[in-house]
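Engineer: Chains as they are written, first to last, in my numbering: chain D, 1 to 355; chain Y, 1 to 353.
Calculated directly from the structure, the hints in this document are not laboratory data.
Reference excerpt, derived from the structure (chain Y facing chain D, CB under 10 Å, subset only):
1. H188
2. G256
3. D275
4. G278
5. V329
6. A330
7. T337
8. V340
9. L341
10. D342
11. M343
12. P344
Footprint (simulated), chain Y over chain D, 3 or more residues, beta carbon under 8 Å:
13. 34-41
14. 327-341
Quick caveat: nothing in here was measured; it's all calculated off a predicted structure. The beta carbon of each residue, even a glycine, is placed where N, CA and C say it ideally should be.
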Amino acid sequence: MTSARIPALISELRCEARDGLVYMEVCGTHTMAISRAGLRQLLPAGIKLVSGPGCPVCVTSTADLDRVVALARRPEVTLATFGDLVRVPSSRTTLAAERAAGADVRVVYSPLDAVNLAQAEPEREVVFAGIGFETTAPIVAAAVLEARARGVANFSVLSLHKTMPLPLRALLDLGETPISGFILPGHVSVVTGTACYEFLASEYAVGGVVAGFEPDDVLEALLMLVRQTAPTIEIGYRRAVRAEGNLVAQRLMATVFAPSDADWRGLGVIPGSGLALADEYRESATEERFTIEIEEPIEPKGCACGEVLRGVLDPADCALFGSRCTPADPVGPCMVSSEGSCAARYRYRDVDGVV
Amino acid sequence: MTAADRILLGHGSGGKLYRDLVRDVFVEAFANPILERLDDAASLATSGRIAFTTDSHVVQPWRFSGGDIGRLAVAGTVNDLATAAARPLALAAAFIIEEGFFMDDLRAICASMARTAAEAGVAIVTGDTKVVERGAADGIFITTTGVGEIVVDHELGAQSVRDGDAVILSGSIGDHAMAVLAARDEFHFTTTVESDCAPLWGLVEVAVAAARDTAPAAAARATAPASAAALRFLRDPTRGGLTTVLAELAESASLGVEIEERAIPVSAAVRSICDLLGYEPLSLANEGKMVFVVAPEKSDAVVAALRAHALGRHAARIGSITAAHPGRVALRTVLGTRRVLDMPVGELLPRIC
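With the rest of the complex left out, here is chain Y:
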């Protein structure tokens, strides 16, 4: 093992080591004309409304079944943009690396970021790197920032949600949290569960298309695309899980949410780990799932469109918005009993993303 195999404090110095690191690792992996200029700021051309978001990633360990911190960092920001129905235009990535981190691991992380960005159809056009002394960080932390172009004309969000709307979930829950937990080996179990970590812009794009008003009158109307106003709200259930998304929605919309436990897809492996360790699947983190609220008449079309997409094969309508019990989420259990779904309290699983 030579010093060249590891990140040194000098790699963050701004001198030659830094320039070599940028050129040989980051530009090499993220190859695109904007980044290759190595300007301090990237210039982008946009039209219309943009969405803008940022997300830090500190997952421990950095590699787990089904993903790694690089894939997570790109997917996390692409998915945050997707919740605004925004097509990703460009990403920035900032790295905080602990002295001594393996160069090959950094290369693997960057290759994973590049692959994930390609899946999402977006480029990483600018970035920054800092190196801190051993012990001042744990391996590697990555912050990504993204800009996206909003593809709908109407306002999305809790304020657009109406009594009677359908709540749709794009697939099974809990996979990411359980994959990271297994990778930590604190509980000494092995599992076939893989993280669902994936960029969801493609999935959201098909949902937006399915939600567009295709009635003959509207279609005959003009060349402008039909309204997608039937799509009311999107949110990716990451930390805090489905429970937190729904509880926040109910609170912000001042409406109630009714969920059928039976309709929520949970894999047998995740369910059995949860039974064993006492976790609630509904409160576990996901990194490749989306919750949609759509007008009831578009519910079937959106579910069908999601199911036709590789990342939405298990999509299902899991419940409805109701004017009853505003601000609260009710879960109808498989036994037919009813209980409230509250936001989880305290540290569930730290450093899950």
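Extracted from the complex, chain D is given alone in its bound form:
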């Protein structure tokens, strides 16, 4: 942790920040970094940090989670997933409970591991649950290409991937939360570059700064936001992000995926905000191999994850927070995902209560 610059950054923020500033971060890694370092304790009272729809597992709708479970229950299917999904409650169960009951659920650390799994166990249908933003989608695209190159026919992807800029437009259109500026995602922007965010400044007059993940990166981004005299999209995370992004990754995504509608928890269906397998790669789409039938989804009772994801409700103000809903016994996905804003707040709360 590079902490040497922190006191200077804090004192500059205290000098320069006006009252009533609300900055939203839209990346689960930022959410965790801010809470873990306890940055809210250091900021001047005029700056409020809120979390937006930046946690990929959290923004996945209950119906989509039910689809993943339905696949895992099929005897011929091996469901490969990142570990974060395993304990997330769907309508009636979790993947962890299904695994204990006999479902073949395997945690992988890369989609390529799922391709290897499919190759090693040709009698199984290996389904990779594709969840994530532009950070993850290119790696999944590469896995789809690799499976085709190796002739691994028993590998498919249930693509629940989503892309980042459109939900920000949806949030601003809703206008429920006053947002003075965005702390823009670091990893996503490595891939996308910054042009996709320009509409925030030009159409909505809201600025944004792409931030890194160390505490001083976040503070520096906040200082850049405070100092903006006109809404602008800037890069604070210069050691990793270029304005044009990663063209190779963009090309991979554009080859394997095509934009589709996606169902966001808290925001509903946003046209064009998802990624489905492109026509040329439809054979790798899980929906092409199985008819996935689910019962009517049941939203967790009393869960305010939707409001939390829109930044309307502070996690600590949810009636279930810390009582009925904890990381050990979560009601909604925001409390269980390692990038969820409720999980971050709970795990890194102050000893005397919530900060």
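Starting from the known structure of chain D, fit chain Y onto it as the hints suggest.
Structural biologist: Structure of chain Y alone, referenced to chain D:
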């Protein structure tokens, strides 16, 4: 490769193959007069209070940088005894082996157990072996049970901890978990990190000595050793890591714990793997570290004694016990902010020990 190179179901049958396995592998490696009698039960002579513990080991893979399942099995039980300030007297070892396991690997594991037991000054005096069909176990599982002689007169444990006591950690954290993770090759990284797996009785013994009351009045008092009551609590931070030890301590003692992040030794290699993979070093398993709670006036002496020992060179006082926020652990971060330390939830890293 011949059948003689592998463990067969017959090795668990109780017949000739079993007797040969016991004689040629276990007695050969653990050589000591009690085991050599091959009785069903070992008889031991003890005096005073004894500590008694057992621990199963299922680590995957069985060999990793800095150790193996054999070293782990001996150190694990010796260290559990050490948390009761007990000098290890004798160990028992029970093996569950999957059919087809290589005989040479079993020999290597037993040699490692023998070496580790010698380091701890204890013998493996009795044991048992079962062989199960291929697929019914994964390679080898080892359960060790230990008996030890408690060397202090007072009660150790959370109930003895007081407001103002010092919390001391014997060295860097996270090394074991990261060494096993690297050996699994799931993340395809290589690292110089080695498991810290080691028997800690020697280290605990010097801490007990340093905690003894050496004031002139007490020293002049009798021939009996001075009280070590300044030593309140010991625990080895294995699964669940330092976080779990401290959270359980706070809960059991109904006191608060305050920890300085800055004071906790974490190697640069472990820190960078954690940054990359999103692990929290404070919640990672260790197999050669001990947490001590001691009366504040003995804190410096215990830290100095630990640092003089080969396994405690990086020992440090990492925090204090407080009457504030009973039942909770507060971490003061390097930025000066404060947050709670909760027990980790869910499966962190399965089959780490």
